[in-house]
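What follows is the residue order along each chain.
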Amino acid sequence: MKKWQCVVCGFIYDEAVGIPEDGIAAGTRWEDIPAEWACPDCGVAKTDFEMVAMDAAA
Amino acid sequence: MQPIVILGTGLAGYTVARELRKLDTATPLMLVTRDDGSFYSKPVLSNALAQKKAASQIALNSAADMTRQLQAHIHTNLAVNAIDVAARTVTTENGPTLAYGQLVLALGADPIRVPLAGDAADGVLSVNDLGDYARFRAALDGKRRVLLLGAGLIGCEFANDLRASDFDVEVVDPAPQPLGRLLPPKAAAFLRAGLEGIGVRFHLGTAAQAVNHAGNGLRIQLANGTTVESDLVLSAIGLKARTALAQAAGLKVNRGIVTDSFLQTSAEHVYALGDCAEVAGHNLPFVMPIMQAARALAKTLAGTPTAVQYPAMPVVVKTPACPTVVSPPPPGVDGQWTEDVASDGVRALFRDVAGKLRGFALVGAATKDKQALTQEIPALL
Numbered sequence: 000m001k002k003w004q005c006v007v008c009g010f011i012y013d014e015a016v017g018i019p020e021d022g023i024a025a026g027t028r029w030e031d032i033p034a035e036w037a038c039p040d041c042g043v044a045k046t047d048f049e050m051v052a053m054d055a056a057a
Numbered sequence: 000m001q002p003i004v005i006l007g008t009g010l011a012g013y014t015v016a017r018e019l020r021k022l023d024t025a026t027p028l029m030l031v032t033r034d035d036g037s038f039y040s041k042p043v044l045s046n047a048l049a050q051k052k053a054a055s056q057i058a059l060n061s062a063a064d065m066t067r068q069l070q071a072h073i074h075t076n077l078a079v080n081a082i083d084v085a086a087r088t089v090t091t092e093n094g095p096t097l098a099y100g101q102l103v104l105a106l107g108a109d110p111i112r113v114p115l116a117g118d119a120a121d122g123v124l125s126v127n128d129l130g131d132y133a134r135f136r137a138a139l140d141g142k143r144r145v146l147l148l149g150a151g152l153i154g155c156e157f158a159n160d161l162r163a164s165d166f167d168v169e170v171v172d173p174a175p176q177p178l179g180r181l182l183p184p185k186a187a188a189f190l191r192a193g194l195e196g197i198g199v200r201f202h203l204g205t206a207a208q209a210v211n212h213a214g215n216g217l218r219i220q221l222a223n224g225t226t227v228e229s230d231l232v233l234s235a236i237g238l239k240a241r242t243a244l245a246q247a248a249g250l251k252v253n254r255g256i257v258t259d260s261f262l263q264t265s266a267e268h269v270y271a272l273g274d275c276a277e278v279a280g281h282n283l284p285f286v287m288p289i290m291q292a293a294r295a296l297a298k299t300l301a302g303t304p305t306a307v308q309y310p311a312m313p314v315v316v317k318t319p320a321c322p323t324v325v326s327p328p329p330p331g332v333d334g335q336w337t338e339d340v341a342s343d344g345v346r347a348l349f350r351d352v353a354g355k356l357r358g359f360a361l362v363g364a365a366t367k368d369k370q371a372l373t374q375e376i377p378a379l380l
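Top to bottom, those sequences are chains A and B.
Residue 32 in numbering that gives the first Met the number 0 sits at position 33 of the first sequence, with consecutive numbering throughout.
Residue 377 in numbering that gives the first Met the number 0 sits at position 378 of the second sequence, with consecutive numbering throughout.
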């Protein structure tokens with residue numbers, strides 16, 4: 000399971016945790032999140048900005 | 000066809016451009032910026048140290064990249080002198096006069112500075128863009144101690160970031176608590192404790208008066224009689240929308256450049272968004288409102304007039320020492336805060352006189368309730 004960071008605001012998406020309150024179950028891989036999804040902290044759309052995979056050590 | 004001209008290449012300017020190009024690949028597009036036109040995200044500056052990013056690693060795209068991506072002409076390092084709304088032109092400093100079909104003002108805001116006495120007052124820095132940030136990081140090199148003026152959003156975020164990278168951090172603010180404008184008292188006290196818990200030192204209820212050289216460092220005189228020794232002073236006391244150009248052009252300005260809910264200013268064909276704008280009475284210098292405004296404005300510019308929608312848009316304060324998220328009640332709403340204090344956090348709710356939830360502040364473990372509470376709050380616009 001990976002962690003991804005929004006390059007605009009720093010929000011971290013943890014695949015192991017998901018975002019249950021947004022309908023994204025724990026374990027959902029980044030690629031499988033719907034295209035219409037927007038970063039919950041800053042509103043940037045999934046299609047617009049890269050989430051950057053975080054190093055395991057980070 | 001006269002181009003759409005966007006003044007400013009911050010998050011607001013570049014996002015309008017990107018959203019417009021999704022809808023319209025034909026209309027000529029021009030952007031003008033005083034800086035080098037690098038595309039970066041300002042929120043990233045608040046924890047670049049913790050993310051181990053040098054200033055040179057923060058830009059996401061260069062102006063050249065953006066020129067290709069946007070199929071636009073980008074004038075970099077060019078200052079705008081005046082806007083002529085009758086002639087629909089923009090005059091620049093030692094540069095061309097630009098004709099526009101539609102003009103977008105995405106000018107941002109300036110850091111507020113207070114006058115300080117002392118022989119080192121002119122060395123006080125502020126950070127409001129990537130260039131400032133690079134200068135700040137260069138000035139930090141070899142230093143150990145930083146004094147922040149201002150315990151607002153940026154002051155607290157930078158305090159956390161610096162302290163987590165082992166700098167000695169002190170923060171001065173005339174208010175009785177950090178984030179005083181956004182948080183009710185118990186929530187603010189919890190945040191203060193969280194930051195003090197990692198070693199940040201606060202001087203509240205006072206202000207800096209003088210900054211003087213003292214040996215290899217600085218001596219800062221506070222109004223309450225205290226003297227603080229430090230190596231670098233960073234001023235983060237607030238922002239003032241850049242309204243001068245608009246005002247000189249005869250546009251209506253208030254706290255920001257006044258627009259209606261279509262982002263249109265008092266002049267036809269001229270729009271404004273972002274930190275420089277006051278949209279239907281709201282000045283919201285945060286990312287989410289900018290995204291909402293940019294999407295609506297792009298549709299309008301592409302030919303379908305679209306009013307911006309502002310749902311509740313909570314602001315996440317980037318203080319890892321004490322997670323904090325706040326959805327401030329809209330200005331002018333009468334009501335009161337109720338604060339629920341637990342050992343691991345504070346849940347503060349703002350209800351209006353009819354008992355409706357209009358805002359919240361969540362600190363510590365209470366931040367888990369953010370999504371649920373956001374859904375209860377009616378839209379701002």
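Incorrect hints may appear among the rest.
EDC-like cross-link-like pairs, simulated, lysine to aspartate or glutamate; straight-line CA separation at most 20 Å [as the list claims (entries may be wrong)]:
#, chain 1, residue 1, chain 2, residue 2
1, A, K2, A, D47
2, B, K51, B, D167
3, B, K52, B, D121
4, B, K369, B, E338
5, A, K45, A, E20
6, A, K45, A, D13
7, B, K52, B, E156
8, B, K367, A, E49
9, B, K52, A, E49
10, B, K369, A, E49
11, B, K355, B, D368
12, B, K51, B, D118
13, B, K367, A, D21
14, B, K21, A, E35
15, B, K369, B, D343
16, B, K51, B, D121
17, B, K51, A, E49
18, B, K51, B, D83
19, B, K21, A, E49
20, B, K355, B, D343
21, B, K298, A, E35
22, B, K251, B, D131
23, B, K239, B, D339
24, B, K355, B, E338
25, B, K367, A, E35
26, B, K21, A, D47
27, B, K369, A, D21
28, B, K298, B, D339
29, B, K298, A, D21
30, A, K1, A, E49
31, A, K2, A, D13
32, A, K1, A, D21
33, B, K21, B, D35
34, A, K2, A, E49
35, B, K367, A, E20
36, B, K185, B, D339
37, A, K1, A, D13
38, B, K142, B, D109
39, B, K369, A, D47
Since the hints were made in silico from the structure, they are not lab data.
Here's how the hints hold up against the structure:
At roughly 18 Å between alpha-carbon atoms, A:K2 and A:D47 fall within 20 Å of each other, so this suggested pair holds. With a CA separation close to 18 Å, the supplied pair B:K51 and B:D167 stays within the 20 Å bound. Only pairs whose Cα atoms come within 20 Å are accepted, and B:K52 paired with B:D121 is rejected, the gap being roughly 27 Å. Annotation: proposed proximity of B:K369 to B:E338 holds, straight-line Cα distance about 15 Å (limit 20 Å).
Between A:K45 and A:E20 the CA atoms are separated by roughly 17 Å; this keeps the pair inside 20 Å, and the hint holds. Between A:K45 and A:D13 the alpha-carbon distance is near 15 Å, which keeps this suggested pair within the 20 Å criterion. Proposed proximity of B:K52 and B:E156 is supported: the alpha carbons are some 16 Å apart, at most 20 Å. Proximity of B:K367 to A:E49 is assessed by CA-CA distance (about 25 Å); at most 20 Å being required, the pair is judged violated.
For a cut-off of 20 Å, the pair hint linking B:K52 to A:E49 stands: about 17 Å separates their Cα positions. Pair hint B:K369 plus A:E49 does not hold up; C-alpha atoms about 24 Å apart against a cutoff of 20 Å. For the given pair, B:K355 sits about 17 Å from B:D368 by alpha-carbon distance, which is consistent with the 20 Å threshold. About 33 Å separates the Cα atoms of B:K51 and B:D118, which puts this hinted pair outside 20 Å; it is violated.
At most 20 Å may separate the alpha-carbon atoms for a hinted pair to count; B:K367 and A:D21 meet this at roughly 13 Å. Taking the CA atoms of B:K21 and A:E35, the gap is about 15 Å. The hint holds against a cut of 20 Å. A C-alpha spacing of about 16 Å is found between B:K369 and B:D343, which places the hinted pair at or below 20 Å, so the restraint holds. For the hint pairing B:K51 with B:D121, the CA-to-CA distance comes to about 29 Å; that exceeds 20 Å, so the pair is violated.
Proposed proximity of B:K51 and A:E49 is supported: the alpha carbons are some 19 Å apart, at most 20 Å. Restraint check for B:K51 and B:D83: the C-alpha separation of about 45 Å exceeds 20 Å, so the hint is violated. Annotation: proposed proximity of B:K21 to A:E49 holds, straight-line Cα distance about 17 Å (limit 20 Å). Among the hinted pairs, B:K355 with B:D343 is inconsistent with the structure: their alpha-carbon atoms are about 26 Å apart, more than 20 Å.
With a CA separation close to 18 Å, the supplied pair B:K298 and A:E35 stays within the 20 Å bound. Under the criterion of a C-alpha separation no larger than 20 Å, the hint pairing B:K251 with B:D131 is inconsistent with the structure, at around 30 Å. Between the alpha carbons of B:K239 and B:D339 the distance comes to roughly 34 Å, so the proposed pair goes past 20 Å and is violated. Between B:K355 and B:E338 the alpha-carbon distance is near 16 Å, which keeps this suggested pair within the 20 Å criterion.
At most 20 Å may separate the alpha-carbon atoms for a hinted pair to count; B:K367 and A:E35 exceed this at roughly 23 Å. Using a Cα cut-off of 20 Å, the hinted pair B:K21 and A:D47 holds, with the two alpha carbons roughly 11 Å apart. Distance hint between B:K369 and A:D21 is fulfilled; the C-alpha atoms sit about 11 Å from each other, no more than 20 Å. Annotation: proposed proximity of B:K298 to B:D339 is violated, straight-line Cα distance about 43 Å (limit 20 Å).
Distance restraint check for B:K298 and A:D21: the Cα-Cα separation of roughly 27 Å exceeds the 20 Å cut-off, and the hinted pair is therefore not satisfied. Of the supplied pair hints, the one linking A:K1 and A:E49 holds, its CA atoms being roughly 14 Å apart against a limit of 20 Å. Proximity of A:K2 to A:D13 is assessed by CA-CA distance (about 4 Å); at most 20 Å being required, the pair is judged to hold. Among the hinted pairs, A:K1 with A:D21 is consistent with the structure: their alpha-carbon atoms are about 19 Å apart, no more than 20 Å.
A threshold of 20 Å between alpha carbons decides the hint, and for B:K21 with B:D35 the separation of about 24 Å lies outside it, so the pair is violated. With a C-alpha separation of about 13 Å, the suggested pair A:K2 and A:E49 falls inside the 20 Å cut-off, and the hint holds. A hinted pair counts as satisfied when its Cα atoms are at most 20 Å apart, and B:K367 with A:E20 qualifies at roughly 10 Å. Distance check on the hinted pair: B:K185 and B:D339 sit about 8 Å apart at the alpha-carbon level, within 20 Å; holds.
A distance of roughly 6 Å separates the Cα atoms of A:K1 and A:D13; the hinted pair therefore holds under the 20 Å criterion. With a C-alpha separation of about 26 Å, the suggested pair B:K142 and B:D109 falls outside the 20 Å cut-off, and the hint is violated. For the suggested pair B:K369 and A:D47, the alpha carbons sit about 24 Å apart, so the restraint of at most 20 Å is broken.
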